[in-house]
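Enquirer: So the chains spell out like this:
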Amino acid sequence: MHASRSTTGVGRLLLAVALVACGGTDPDGPKQPTGPGTDTDTTDTDTTSDPTDGDDCLTDEEQFARDVSGVLQADCVACHQEGQVADATRNVLLPDTEPDHLTHNRAVLEPLALETADGFSLVVAKALGESNHGGGARLVLSDPGIAALQVFAARAADPGGCEDPVDDPLELDVPESPVRRLTPTQLERTVADLFPGVDVSGLVAVQSDPLVHGFDNNADTQTATALQVGQFHDAAFAVAAAAMADPTPWLGCDVADVPCVQGFLDAFGDRAFRRPITPEESDAYVGFYDEMLAEDGDPAAALQLTVQAFLESPSFLYLVEFGAADIATQGDRVSLTDHEVASRLSYFLWDTMPDEALFAAAAAGELSTSTGLEAQAWRMLEDDKAQQSVGNFHRLWLELDEVGHIAPDPATYPLWAGSYTVDLRDELDDLVQYSAFGPDPTLATLLLSRRTVVEDNGLAQLYGFVPDGSGVSELPATERAGVLTRMGWLGATSHPVFASPIQRGVFVLERLMCIPPPAPPADVDTDIPDDSELGPIVTNRDRYEQHSSDPACFGCHQSIDGIGFGFEHYDAIGAYRAIDNGESVDASGEFVDGDLSGIPYDGALEMSELLASSETVHRCAVTQWYRYAMGRSEQLGDQPTLDQLTDAYWGTGGELPQLLVDLVLTDSFRTRRAQ
Amino acid sequence: MNRRQLLQALGLSTGSLFLPSRGLAKSAGAPAKRIVFFVTGHGTVYDNWKLRPGGESDDVDIDTDLTSLSTADWSPILAPLERHASKLTILDGLAHVGSIAAAFNEHEEGHATCLTGDLPLPVDGSLGKPSGPSVDQILAAQATTPFRSLEYAVIGGWNVNFDDQGNAIPYESDPVAAWNRLFPGGTDGLDTTASRVARKQHRVLDLAKQRFDALAPQLSTEDRIKLEAHRDLVADLENQVLALQNVECDPIDQPGSSWPEPADEMETFQGLAVAALSCGLTDIITIRGGQLSNALLGAPPGDIHNDFAHSADDDPTAAAVMTDYHTWYAERFAELLDKLDGIPEAGGTMLDHTIVVWTNELSTGSHHHDNMPIVMAGGSFAFDVGRLIRYAPVSPVQGPWSVTSVGRPHNKLLVSLAEAMGHTVSSIGLTDVPLSDGSSLDCTGALDRLT
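One line per chain: the protein sequences are Z and X, in this order. Quick note: the first sequence, position 158, residue 158 per the numbering used here, numbers continuous. Quick note: the second sequence, position 269, residue 269 per the numbering used here, numbers continuous.
Be careful, since some hints might not be right.
Pairwise CB distance ranges, derived in the manner of DEER restraints [unchecked claim]: (1) X/Thr-71 <-> Z/Asp-199: 11 to 21 Å; (2) X/Ser-257 <-> Z/Gly-458: 21 to 31 Å; (3) X/Ser-57 <-> Z/Asp-602: 48 to 58 Å; (4) X/Gln-254 <-> Z/Pro-196: 52 to 62 Å; (5) Z/Asp-56 <-> X/Val-403: 51 to 61 Å; (6) Z/His-104 <-> X/Val-403: 47 to 57 Å; (7) Z/Trp-250 <-> X/Phe-381: 15 to 25 Å; (8) X/Ser-257 <-> Z/Glu-115: 50 to 60 Å; (9) X/Thr-71 <-> Z/Asp-456: 25 to 35 Å; (10) X/Trp-259 <-> Z/Arg-379: 11 to 21 Å; (11) X/Val-176 <-> Z/Glu-590: 32 to 42 Å; (12) X/Gln-254 <-> Z/Ala-117: 54 to 64 Å.
Because the hints were derived from the structure by calculation, they are not lab data. These numbers come from a predicted model, not from an experiment. Think of the CB as a built atom: it goes at the ideal place given N, C-alpha and C, for glycine as much as any other residue.
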């Protein structure tokens, strides 16, 4: 089941406050506000402000009680109350268990709503995760709660009215597209494609840029460091040297045939820069070749040095975009050239440079039409190279490299073998490919499928199943489902001896729900409370419940642990257990956030089912793909695009290939803010 | 650089290298001044770190000659350093005052403040970062050596070095790659394509630099800044490649790529660091020591970070484990000093002309920032060495929830280090923090009592 609240439809670039109708929200009802309701009669002229008079005048107090209070209780109060992490801010609220919470909270919120930040009311900006909100983004732009806060702010500016004010529609800035550099994996795959027949494995060793949301391709952290520049240089040198060891497959010339090589360099430039080389660039590189040749009289050296120079050029290392100069612009937005689209497309779907067919489509102008672009996108998804990009996305999104770092305490897990990390990583890689390209390529498959390729008998025994010998087996239905119940993920989210409900809870919140918990506060006391104060620690759950027993911790930890405890049936290597240290495992929990708020479950199987049918989770998956495709974090101006993509993704039941094609066809992908 | 006949190193396991220091090669002129940062994590176990040779309380200043201490006066953690007493400066009472005054999560701040003195900024989905450079990079900006600075990590660790934008400078964690970078090889005078290509590397970089110059002005401001930064680094690399071709130095043997023990890996990196300093390839190095394993320490089951570091103040088992942890690093630090002190240079040793600073992200495993466990060694050209200097806690710094009294802000040490290296600066990082009486604690200027 999923909540009745729906994301908005297509093209919500203009947020018209007037569209927020009076809904029928019961302030003491479900924790999230419902969408626009049916009571839209706002024509009454009764101006009395008595909230209990039951007439058609919607006073400021009534609007607060009906539309805003529920949002505060659901999304703010956990941190914004005395004794909780945000109680040193100006926004300290009362929970709805306090009798005068409505009056108090409205009085606290009103002056804050009158302040502005980034063009929004401060309370709206904070709820959206802007303006240094320690709690991050609690709501998205299309959420009815945002509209309710907008109305509240407008009423605060002009108090005493009987109806929601009609405000000017807000315009969102065209998102910025900071210039992106090739990541280490993209660099390695690109040079392999530039030099067919040359083995470049191990030659490109470049430090990754700092991760943002887990992704290594975020333009914000791609300012090159001295170490990386040295590594680019070393890689360029090594690749050029390896290529020269046997130039036949890629050169098409005799090395000593100078005019042929000069012609080759121009063609090479077109491919290396992923667009036709300019006359000025041609002069620079062919000129360099001529100089080197003249100085040393060695054609092989001259060619190697020139090829190396191409690989150190900004037009090779970066995805430089100017947009199509001769196409009429729409305000700040310009269309990309066909070649710029081709680069975005191939680095998104293949994690490497365009192939000949894609270059040809760009040269023919096909990528500036939706039909042509869509045709290429489907072709590329059906090519094997799509597997490497999809695999790369999941590697980063699900932190699969951590599987290789699993190191359980040998005394506690004597049956564990180090080689299992390889089998478990292979298992997850297979599950990822199956969930993207198999018969049911949906998010639900990733979360629920029990398909496994584990064959090692020792590992399978720990896993609790017997491999059927065909190479593909089914894990037991009473103990396993998709990625969140796989030993690789469970082991990677554990300490050497004990499983970590906190790491697992944070992962689900951050990576699957896009509702990251705020950082622990200053002065956090990390000592475990005394056994004698709070009773004995028997199970792992006991241990962590005591970690967070302090009321100041519980505000956030109820979200984190509420999910994390659901995994208590799996120990630090991910083996299933019904008993933990002599006591029955308690794996019950309750979601606190998103459209699953208030829904309880027992164990990771039920939890996985709920996540698989959650729109919050589907929207989060869309957001993660968007971040990866665009190579940047989403900005407010992206929210209408994300709404549109989520609607479609939800409508197909979470089908991945269609999502990727839809993403490619968005304006965001095909245009950019002007340089 | 020309790889000539290899020097016969005495083997990495003996812990001493006889390398011709630049100080000897230059017959005139003062030897270079150098600085090495040795940074570890999880603070210390203060009661097992501090020295109180006269039974002094924590509330008084102390200034004691370390050579006057008996073996029994050395705490468990600092005991391995006793043999270097005459060249040590133990600093007790410095604090990361920024982290005390306004924290978002002290553990995530420690790495971003220990060499910057900055107030870290939270970063969405990532670790906190400072707004400006670490002291080593302030110094590196003026360096004229082939490598402005080097950063090495053993077992990893959060970054502590930051450029002037506050972006982390990554470590080199592969000793073979680090060695290749220091001693890039190529043979001299041979008439081969390979040697011609090697000799023209700086021309390739020059062409790349020109292409950046051609492209950057066409971009929007932020993009242009990014590409110009890259271009500047290409220009630096070009100069470095040229400079390396002109350096005369005998390299050490190429290290292996696996070690029986983490101590061996640490020694390999220390050997590289000393070689780099000795050959004048750089004067500024950071060596980062990451989190040790239970197996290495013989620790009982439990997570080093979450179970032992966090509980070392209250739980005897945790305190014992973390004491072993920090003692292990004290032994590695002592070995680094052995290497430097074993190389004669200009009437003394390399250690006399190198300031070595052992510092930490935190002061305790439970995220405190007062009484930072800082030990300096060497640097007698700038400091009056061989002493225990305790700064009594006299300044009550106002934190969001409580007040912490500190001896001195560590920013002043960073200023003293910069000045010792010949760099004039009035402050590094924060300039002041609030005190509980409403006044401010001045964080500018040099640290008193060092000279």
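Enquirer: Hints first: check each against the structure and report whether it holds.
Expert: Going through the hints against the structure:
The supplied range of 11 to 21 Å is broken by X/Thr-71 and Z/Asp-199, whose beta-carbon atoms lie about 59 Å from each other. For X/Ser-257 paired with Z/Gly-458, a C-beta distance near 29 Å keeps the hint of 21 to 31 Å intact. A C-beta distance of roughly 56 Å is found between X/Ser-57 and Z/Asp-602, which places it inside the suggested range of 48 to 58 Å. At roughly 33 Å, the beta carbons of X/Gln-254 and Z/Pro-196 sit outside the given window of 52 to 62 Å.
Roughly 56 Å separates the CB atoms of Z/Asp-56 and X/Val-403, a value that falls within the hinted 51 to 61 Å. Here the CB-CB span from Z/His-104 to X/Val-403 is close to 30 Å, at odds with the stated 47 to 57 Å. In this structure the supplied range 15 to 25 Å is violated for Z/Trp-250 paired with X/Phe-381, their Cβ-Cβ distance being about 56 Å. At roughly 58 Å, the beta-carbon separation of X/Ser-257 and Z/Glu-115 lies within the given 50 to 60 Å, and the hint holds.
For the hinted restraint 25 to 35 Å between X/Thr-71 and Z/Asp-456, the CB-CB distance of approximately 54 Å leaves it violated. At roughly 49 Å, the beta carbons of X/Trp-259 and Z/Arg-379 sit outside the given window of 11 to 21 Å. For the hinted restraint 32 to 42 Å between X/Val-176 and Z/Glu-590, the CB-CB distance of approximately 52 Å leaves it violated. Taken as a hint, the range 54 to 64 Å holds for the pair X/Gln-254 and Z/Ala-117, whose Cβ atoms sit roughly 56 Å apart.
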